[in-house]
Amino acid sequence: SMKLSFSEEGRKNKAEFEAREREEQIAAQREIFERHRNQEKMTENERKEMERKIRLQEEKDVWKFQNKVEDGYDPIDEWSKLRE
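Each residue of the sequence shown is one higher than the one before, counting from 4 in my numbering.
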C-alpha cells in the first residue's frame with residue numbers, strides 16, 4: 004500500500020511539474036509573440052537595449068550551466084533524474 008500511494012504521489016508531482024513547464028513555455032512563447040508584435044513600434048534604441056538584455060541573459064545562462072558542470076554536475080544525469 005505504501006508503494007502504491009508513493010507512485011500515485013509521484014505521478015501527481017510529475018503531472019504538476021509537466022503542467023507547470025507547459026505553462027511556462029506557453030507564457031514564454033506569448034511573450035516572444037508580444038515582443039515581435041511590439042518590435043515594429045519600438046525605437047532603434049529600445050530594440051538595441053532589448054537585444055543586449057537577451058544576449059546578457061543567454062551568456063549568464065551558459066555561464067551558470069558551465070559552472071554547474073565544473074561543480075561535478077552532469078547535465079545528462081540531471082536530465083535522466085527529471086525523466087524518472
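Bear in mind the hints are in silico, worked out from the structure with no lab data behind them.
If you're wondering where the values come from, they're calculated on a predicted model, not measured in any experiment.
One or more of the hints may lead you astray.
[Said to hold, decoys possible] Estimated spans, in silico, between C-beta atoms of each pair: (1) Lys-63 x Ile-29: 32 to 42 Å; (2) Trp-66 x Gln-32: 30 to 40 Å; (3) Lys-84 x Gln-28: 18 to 28 Å; (4) Ile-57 x Glu-19: 21 to 31 Å.
[As the list claims (entries may be wrong)] DSSO-like, lysine-lysine: derived pairs with alpha carbons at most 27 Å apart: (5) Lys-63 x Lys-51; (6) Lys-44 x Lys-15; (7) Lys-71 x Lys-56; (8) Lys-84 x Lys-17; (9) Lys-84 x Lys-67; (10) Lys-56 x Lys-44; (11) Lys-71 x Lys-84; (12) Lys-67 x Lys-17; (13) Lys-84 x Lys-15; (14) Lys-56 x Lys-67; (15) Lys-17 x Lys-56.
Just so you know, even glycine gets a beta-carbon here, dropped at the ideal spot from N, CA and C.
Status of each hint after checking the structure:
Hint check: Lys-63 to Ile-29, Cβ distance near 23 Å, so the stated range 32 to 42 Å is violated. Range check, Trp-66 to Gln-32: about 25 Å between beta-carbon atoms, so the 30 to 40 Å window is missed. Under the hint 18 to 28 Å, the C-beta atoms of Lys-84 and Gln-28, about 20 Å apart, fit the expected range. The beta-carbon spacing between Ile-57 and Glu-19, approximately 29 Å, falls within the hinted interval of 21 to 31 Å.
For the proposed pair Lys-63 and Lys-51, the alpha carbon gap of about 18 Å is at most 27 Å, so the pair holds. For the suggested pair Lys-44 and Lys-15, the alpha carbons sit about 44 Å apart, so the restraint of at most 27 Å is broken. For the given pair, Lys-71 sits about 22 Å from Lys-56 by alpha-carbon distance, which is consistent with the 27 Å threshold. A hinted pair counts as satisfied when its Cα atoms are at most 27 Å apart, and Lys-84 with Lys-17 qualifies at roughly 12 Å.
For the proposed pair Lys-84 and Lys-67, the alpha carbon gap of about 19 Å is at most 27 Å, so the pair holds. Restraint check for Lys-56 and Lys-44: the C-alpha separation of about 18 Å stays at or below 27 Å, so the hint holds. Proximity of Lys-71 to Lys-84 is assessed by CA-CA distance (about 16 Å); at most 27 Å being required, the pair is judged to hold. This hinted pair checks out: Lys-67 and Lys-17 have alpha carbons roughly 25 Å apart, not beyond 27 Å.
Of the pairs offered as hints, the one joining Lys-84 and Lys-15 holds, with about 16 Å between alpha carbons and a cut-off of 27 Å not exceeded. Note on Lys-56 and Lys-67: the hinted pairing holds, with a Cα-Cα distance of about 16 Å set against a maximum of 27 Å. Between Lys-17 and Lys-56 the CA atoms are separated by roughly 33 Å; this puts the pair beyond 27 Å, and the hint is violated.
When each numbered hint is compared with the structure, violations occur for hints 1, 2, 6 and 15.
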